[in-house]
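Undergrad: Using the sequences provided together with the hints, build the complete structure.
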Amino acid sequence: MLDFLQAVSDGVLFGATYALIGIGFTLVFGVMHKINMAYAAASVGGAYCGLLVLKVMGSAPPALVFLGAFAAGGLLGWIVYVACFHFIPLSSPLATLMSTVGMLLLIDEVIVHVTEGVPLTYPAAFDDVMLRMGEFTMRGDLLLVFGVAVLCMAALLLLLYRTKLGLATRAVSQQPVAARLCGIRLERVNATTFIITGLLGGIAGALIGASVGALSPLLTTPLTVKGLIVTVIGGLGSIPGAIVAGLLVGGFESVLQMYRGVTERDLYVMLLLFVFLVFRPGGIFAAKGGRD
Amino acid sequence: MDFYFGLAQIVGVHTLLGLSAYIVLLTGQVSLAQAGFFAVGAYTAGMLTVLAGWHLVPALGASALSGAAIACAVGFPALRVKGLMLVIATLAFGEGVRLFFFNFDYQIARGDIKVGPLGGEGFRQIRFFPENGWTTGEVMLFIWLFVVAAMALLWWFDRSRYGSVLRAVGEDELAAQSVGINLTAVKVSAMTIGGAIAGVGGGLYAHYTTHIEHTSFNILVATFAVAYPIVGGLRNVFGTLLAVIFVQAFLIEGLRFLGDWRNLLFGALIVLAMNLRPSGFLGARRRA
Numbered sequence: 032m033l034d035f036l037q038a039v040s041d042g043v044l045f046g047a048t049y050a051l052i053g054i055g056f057t058l059v060f061g062v063m064h065k066i067n068m069a070y071a072a073a074s075v076g077g078a079y080c081g082l083l084v085l086k087v088m089g090s091a092p093p094a095l096v097f098l099g100a101f102a103a104g105g106l107l108g109w110i111v112y113v114a115c116f117h118f119i120p121l122s123s124p125l126a127t128l129m130s131t132v133g134m135l136l137l138i139d140e141v142i143v144h145v146t147e148g149v150p151l152t153y154p155a156a157f158d159d160v161m162l163r164m165g166e167f168t169m170r171g172d173l174l175l176v177f178g179v180a181v182l183c184m185a186a187l188l189l190l191l192y193r194t195k196l197g198l199a200t201r202a203v204s205q206q207p208v209a210a211r212l213c214g215i216r217l218e219r220v221n222a223t224t225f226i227i228t229g230l231l232g233g234i235a236g237a238l239i240g241a242s243v244g245a246l247s248p249l250l251t252t253p254l255t256v257k258g259l260i261v262t263v264i265g266g267l268g269s270i271p272g273a274i275v276a277g278l279l280v281g282g283f284e285s286v287l288q289m290y291r292g293v294t295e296r297d298l299y300v301m302l303l304l305f306v307f308l309v310f311r312p313g314g315i316f317a318a319k320g321g322r323d
Numbered sequence: 091m092d093f094y095f096g097l098a099q100i101v102g103v104h105t106l107l108g109l110s111a112y113i114v115l116l117t118g119q120v121s122l123a124q125a126g127f128f129a130v131g132a133y134t135a136g137m138l139t140v141l142a143g144w145h146l147v148p149a150l151g152a153s154a155l156s157g158a159a160i161a162c163a164v165g166f167p168a169l170r171v172k173g174l175m176l177v178i179a180t181l182a183f184g185e186g187v188r189l190f191f192f193n194f195d196y197q198i199a200r201g202d203i204k205v206g207p208l209g210g211e212g213f214r215q216i217r218f219f220p221e222n223g224w225t226t227g228e229v230m231l232f233i234w235l236f237v238v239a240a241m242a243l244l245w246w247f248d249r250s251r252y253g254s255v256l257r258a259v260g261e262d263e264l265a266a267q268s269v270g271i272n273l274t275a276v277k278v279s280a281m282t283i284g285g286a287i288a289g290v291g292g293g294l295y296a297h298y299t300t301h302i303e304h305t306s307f308n309i310l311v312a313t314f315a316v317a318y319p320i321v322g323g324l325r326n327v328f329g330t331l332l333a334v335i336f337v338q339a340f341l342i343e344g345l346r347f348l349g350d351w352r353n354l355l356f357g358a359l360i361v362l363a364m365n366l367r368p369s370g371f372l373g374a375r376r377r378a
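Protein chains in written order, with this note's numbering: chain A, 32 to 323; chain B, 91 to 378.
From the derived model, a few chain A residues whose C-beta atoms are all more than 12 Å from chain B: (1) K86; (2) M88; (3) S90; (4) A91; (5) W109; (6) P150; (7) A156; (8) E166; (9) V181; (10) L191; (11) S204; (12) C213; (13) T223; (14) S247; (15) P271; (16) Y290.
Per label pair, the in silico range of CB-to-CB distance: (17) W351(B) - R219(A): 30 to 38 Å; (18) K195(A) - H301(B): 53 to 61 Å; (19) S254(B) - Y192(A): 42 to 50 Å; (20) L162(A) - D262(B): 53 to 61 Å; (21) L359(B) - L189(A): 37 to 45 Å; (22) E295(A) - F166(B): 19 to 27 Å; (23) R216(A) - L235(B): 53 to 61 Å; (24) W245(B) - R311(A): 38 to 46 Å; (25) R291(A) - F340(B): 39 to 47 Å; (26) D262(B) - R311(A): 26 to 34 Å; (27) L190(A) - T305(B): 37 to 45 Å; (28) D262(B) - L182(A): 42 to 50 Å; (29) L359(B) - L151(A): 24 to 32 Å; (30) F328(B) - L212(A): 42 to 50 Å.
Since the hints were derived computationally from the structure, they do not count as laboratory data. Think of the CB as a built atom: it goes at the ideal place given N, C-alpha and C, for glycine as much as any other residue.
TA: So this is what it looks like as structure tokens:
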């Protein structure tokens with residue numbers, strides 16, 4: 032029983048990063064009704080760029096590396112927007128799907144090329160801290176991951192519901208034409224959404240790097256798949272859904288990792304997705320009125 | 091000459107992969123599960139010829155059946171959702187199949203070596219062609235027999251009532267439903283036929299490479315499968331063939347002199363192509 036609780040708590044703490052990735056997918060979907068397949072790759076790319084801080088400055092506190100990843104993620108988000116969305120008409124959904132998949136492959140290959148495919152160690156913070164309650168422990172670095180992720184989510188929700196920019200973003204996601212008639216510049220809102228999700232992604236990538244201890248290009252595919260699964264389970268376009276689903280997937284995979292081993296664990300996450308598709312295709316927080 | 095025969099084999103197998111995505115795409119659905127059906131077909135045929143000692147032709151039939159059965163089984167839950175949700179569901183399925191074969195061990199001893207799939211190590215020694223003394227040219231002709239058959243079948247579909255129904259669903263689901271077309275039946279049948287074609291393609295692939303492993307069926311292969319018909323356009327089956335030749339013969343073999351940089355160029359070229367021609371080389375003619 033204790034092992035089980037331990038696995039759940041570790042998984043839920045790590046699941047916060049999945050929630051962040053899921054939010055990125057879901058936010059872009061909410062605003063543009065498009066999926067940005069390159070998102071997880073760009074997030075990992077942002078985390079890699081954070082390592083540049085170490086390279087330039089010799090040694091730097093982990094916080095600075097995280098900040099670098101944060102900024103680089105935003106920049107990469109903007110690049111993805113310009114390369115894959117800006118010039119392609121909204122009426123061809125297949126084209127943006129393919130262009131973002133192309134971008135996913137490109138980012139992946141650039142990472143492999145630059146790092147020669149060798150995993151790089153990532154600086155961790157609080158990895159020597161351990162909270163103990165009898166047999167039950169909580170890893171300090173995972174707590175940090177969770178804390179930072181929660182802070183990011185709170186900041187995002189504040190931005191969306193308390194600022195003019197957030198109002199414009201929500202307006203565009205509900206009624207693009209009406210939003211435009213009110214004088215909201217669609218392109219600018221779209222680009223801003225990509226930058227915001229990119230910033231979140233950069234942080235998520237850095238947090239994953241810090242808690243795993245290393246970054247590898249092999250991370251991009253599972254992260255893409257899991258981020259998308261989180262998005263579907265939470266309900267496409269729903270931010271609270273992505274948060275809940277991220278934590279759920281994190282806990283679920285951690286428990287199965289304990290019982291079935293690391294190589295089989297992802298298989299059960301896919302099965303979880305299919306269970307949701309069969310019994311609750313709209314996700315936990317299904318949007319009203321069957322949107323595509 | 092063997093080099094060109096080998097290239098023709100690759101083009102043939104990838105054409106089958108592309109055609110399997112083409113028929114699903116006709117109904118307006120983007121499926122990233124084709125690599126999964128391809129994998130199922132490859133492992134089925136490989137295990138039947140190596141472990142059970144079957145001849146290749148019935149083994150390929152079994153691949154087609156298993157690919158079709160899995161596609162049909164996936165089709166029902168997955169097609170409850172549409173559009174982008176389906177992309178995600180099929181992507182997850184494809185990764186699931188890959189992970190399944192990553193964990194799949196089934197070896198039997200034959201002589202002093204063990205044969206059969208061995209998890210992450212893959213499935214070696216699928217030696218039906220060399221054991222029976224087929225030359226590269228004969229293997230190529232054998233593969234192209236299936237390619238031509240699949241192309242002829244889909245060409246005929248395009249000219250039949252069934253093809254019109256597929257395209258009607260792809261153009262406008264609501265309109266198709268209102269004239270009494272059963273959307274689920276049409277989509278699942280397209281998925282099933284696609285699964286069968288991908289299964290045969292996988293069976294052939296397993297036998298000409300003689301070694302398959304889970305990474306041979308990753309997200310890149312799934313992307314290739316849908317990229318062919320999208321890049322080639324949906325006007326007819328030749329768009330897919332054209333795209334396969336362009337990608338496999340020109341981009342991959344023709345640019346080999348670029349070394350590592352070729353892979354970089356590949357992603358960038360997809361991005362560029364989609365910016366320039368959002369509806370493919372041979373875009374489907376839209377009737378107003």
